[in-house]
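With the hints as extra help, turn the sequences into a complete structure.
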Amino acid sequence: MLNLFTRPFRQNAPVLPGLGADSIALPLEKGCTVPAGCFAVLANRDGHTRRLSEGARVAILEGERAWCVHPGPYGCELTPFAAAPEIGLRVAFAIDAPDPREAQQRFDLYLASEGAEQVALDAFVDALQAALQRELAQGNLELPPCTSFEEWNQFRSGFNQLLYTRFGVMVDDCVPVDLGAGRDLAALLAARLAAAPLPQAAPQAMQEAFDAPLEDARALRRLFLELPGILCGLRLNLAPADCAGFRRHQDLLRRLDLVSLSAGTMPALDLAAPNQPLAASEQLRRARHSRRAAAALDEAWALLARMQPGDAARQAILLDEADRIVANLECDCAARRAVTAEAP
Amino acid sequence: MSEVVVRSIAADGSLLGVTATVRPRDGRAEVKCSVPDAPLLAQRMQEVVRLARHTEARFDSREQVVLSLDRAPGAGSRDWELACVLADRLVRGVWQSQRPVVANGWSDAWHLGRIDGHSLGVVPNGVLAGGADGLPHLGALSGHPDPAAGVSTARAWFPLVSGGAGDSLCWVEVSVRPAPHAGDEEASIAAPGADAALQARVRAVLLGARHFDGRGLGQWRTTVRFAETRFQGGSFELALVMADRMARGREFLARGRVLASGQSASWHAGRVETVEGIEPKCALLGREAGPGDRILLPRAWEGRLPAGWREEIKARGASLACVDRIGII
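If you're matching them up, the sequences are chains P and X in order.
Each residue of the first sequence is one higher than the last, beginning at 20 in the working numbering.
Each residue of the second sequence is one higher than the last, beginning at 2 in the working numbering.
Note that these hints are calculated values from the structure, not bench results.
Cβ coordinates follow ideal geometry from the N, Cα and C atoms, glycine included.
Don't take each hint at face value.
A short, non-exhaustive set of chain P residues, derived as facing chain X with CB atoms under 10 Å [claimed, not checked]:
#1 Pro104
#2 Ile106
#3 Glu161
#4 Cys165
#5 Thr166
#6 Ala315
To list a few chain P residues with every Cβ distance to chain X over 12 Å, as calculated [unchecked claim]:
#7 Gly37
#8 Ala40
#9 Asn63
#10 Glu121
#11 Glu133
#12 Ala142
#13 Gly177
#14 Asp191
#15 Glu234
#16 Gly248
#17 His268
#18 Pro286
#19 Ala292
#20 Ser300
#21 Gln302
Covered stretches of chain P, as calculated for chain X (at least 3 residues, CB under 8 Å) [to be verified]:
#22 199-212
#23 338-349
As structure tokens, then:
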């Protein structure tokens, strides 16, 4: 026979160990095929994303990154209160098929703006837990002692919406569980009491761990890619009833637009002026402000999760909350631009 | 609230006042502090307040809090720090207090919410004093356990009625320290200051509730303290059980305090039974409940609550549950 077909037309599916078990997304090579049961997400530098279904050949364009995503389901245990480690929620979540009504799937945006080379399940679950704990601490979700059925159902719908709006994952199942066997508070406290003689060591070590350029770059990328999404959500989900509300809404959108512009044109972290280096302490201050701006961004997604179109009763509260978040974003973006700390 | 005054006891025994107001920020610093004749102290004050804000979940950059001490405290005195932190919280509505606040305390770790101590010789009644014997960290204002401490302490409140003017909320505090033991569980529970009958009742209640819980037997050394031990009846039992569960990290936490009234003859089955005094207790709870507080009452009260009381509680930001058993749902 002529040795014409020694190379197969289609490359074999790549070997991706741990996908679907301890990692959610793994990087894909150029030219390989998307494995069965998975899909691929490709994102370019500007945050444009596209999906490829299973069996498709991955043709990566210039400047694109590609992930292979396993839709799940994944199981995890979340601790809603840091001070109560023995009671938690057992959550099963999955990454759903694309919603045709959305221009860009939220999970794809998550990958484009926050996704590292690979998305490990542990880190993702930590992010879910942080989002849940913040909403509970702010009182936007309620999970009080002796939760009644109505309160639990209300919590569930808020929680589902939060995870869908913030991370683009669907919650399949969520039940309260006793985590006492795995996370024993008595053992935790005993370890803490044993470690008590050196109380100063921990906070200083934490401070060293803050990598200013990395944190700053990550936060700015999030701001650059996600602010348009926030803007779009605020425009769609909030329909003011009266003229004054309309004016406030317009003003809010205009200010958010300016924040978005400011984030897109942010000066480099290490330059005070062209070719003028900035002191390290000021760089640290700038990075802290960009991280706080990213935290405000998280709050904005949580706010979008609470907004239902046509919910007129809570509109004033939601507008006020949006005003607060936009003010925080403005404040932190301005401080990130500034060369020196503000005068007291 | 437009203006808040929190007081602190100075070294010479006189009262030092911290006045706090809120105004729109307009591009200024988020906290402005002033102390007559002591600009360095004002800087420290601003630092303290900013650090203490790290323990809050919500940040609002739209307002500026202006804090001022009415005179310079004595050299080296740091007992005014807690008063400043509390004034900053009161004026923004983060924390609410029904009565005027007098507070003394200092800390080296405000960013963790920890309060290290106070320098009062004798703490007068009603004064919030920082430190291990009083207010060990800022979350303890709403009874939460300190997530960084080696001994877990939680508080719950129960209504004490005495026929009118003396009605008040009384707290019960449970602290647990890990100490595995195989012996008598009752001997590991102490209630200093309580008489023998109350002590026996506390031990029986905790034993039953931990038996229902399935965990917690033979693990802890427990100390139970009451704000006031001269009372009759068993309506403190639900509050005691909730405080114990919160201290052992086995209960969801309310954003504010847990206010509970209820007793049981069968804590080993987790049941909550009715108590007396529905009218005065509801009136008291309606007066005292604040934003984020959780009110737990016996299920038998559900149909007998005063008209409009539920709505009143909800309008104050508190939530209510009538329960017939403890635990999840």
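Problem - Numbers of unmet hints, in rising order - result: none
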